[in-house]
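J.: Next come the chains, spelled out residue by residue.
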Amino acid sequence: KAGVTQTPRYLIKTRGQQVTLSCSPISGHRSVSWYQQTPGQGLQFLFEYFSETQRNKGNFPGRFSGRQFSNSRSEMNVSTLELGDSALYLCASSLEAGGRTEQYFGPGTRLTVT
Amino acid sequence: GNSVTQMEGPVTLSEEAFLTINCTYTATGYPSLFWYVQYPGEGLQLLLKATKADDKGSNKGFEATYRKETTSFHLEKGSVQVSDSAVYFCALPSGGYQKVTFGIGTKLQVIP
Chain A
4 KAGVTQTPRY LIKTRGQQVT LSCSPISGHR SVSWYQQTPG QGLQFLFEYF
54 SETQRNKGNF PGRFSGRQFS NSRSEMNVST LELGDSALYL CASSLEAGGR
104 TEQYFGPGTR LTVT
Chain B
731 GNSVTQMEGP VTLSEEAFLT INCTYTATGY PSLFWYVQYP GEGLQLLLKA
781 TKADDKGSNK GFEATYRKET TSFHLEKGSV QVSDSAVYFC ALPSGGYQKV
831 TFGIGTKLQV IP
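If you read the sequences in order, they're chains A and B. Okay, so the first sequence: first residue is 4 according to my numbering, each after it adds one. Okay, so the second sequence: first residue is 731 according to my numbering, each after it adds one.
The shape of chain A in the complex, shown without the other chains (with noise of 0.2 Å):
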């Protein structure tokens, strides 16, 4: 089976410019969790996708937006970047199981905001 893929691995955008950001699940997973990873925070939940529902969301503001398709595909998208916004993206998809089950993660998307 082929892993969580995420396009694409490396971006540079400037301030005030968007970003979208992919992420094809394994295959049958139908759940996709979204993590910003930095050197001062770690690991902090942005959103989670169930069925192209959004079912739990982190502590970020609402320039962090996210979407998932019928495919399970997930998007995640953020407007008006700010320096602080450069972080490693990753995005992590698993099966159905309330919280029991692993979650598979894909290489992330690194964002450099200039």
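None of these hints come from the bench; they were simulated from the model. Being a predicted model, the structure only gives us computed values, none of them experimental. Relax, there's no trap hidden among the hints.
Away from chain A, derived, C-beta distances all over 10 Å, residues of chain B: (1) Phe748; (2) Leu749; (3) Asn752; (4) Thr754; (5) Ala783; (6) Glu793; (7) Glu799; (8) Glu806; (9) Ser813; (10) Asp814; (11) Leu838.
Below are the DSSO-like pairs computed for lysine-lysine, each with C-alpha atoms no more than 30 Å apart in a straight line: (12) A:Lys16 to B:Lys829; (13) A:Lys60 to B:Lys837; (14) B:Lys807 to B:Lys786; (15) B:Lys798 to B:Lys786.
We treat Cβ as the ideally placed atom computed from N, Cα and C, and that holds for glycine.
Dock chain B against chain A, hints included.
T.: Relative to chain A, chain B alone:
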């Protein structure tokens, strides 16, 4: 909500040394507990898990026991290798569904 406290690194060990990375948790009920590992330039991958109290998860020589008396899930390995150099994260579900809380991560460096 549930939370996890993990020892901060970095941890530097010589090859074949014994490894312990401490992890304690605060949780309602008895959620599953996980250890993930992140190798340089990669995403996280599950190392091991335990789904109930007294369970022992193990993989690749690593072990961790779910201890409800001490609310701990310490990661151990009897003899580390250079290839074990990575960042290790303790994690547990929190807030329902697939929301997962991760520890701060412990960087392990194994020197020959």
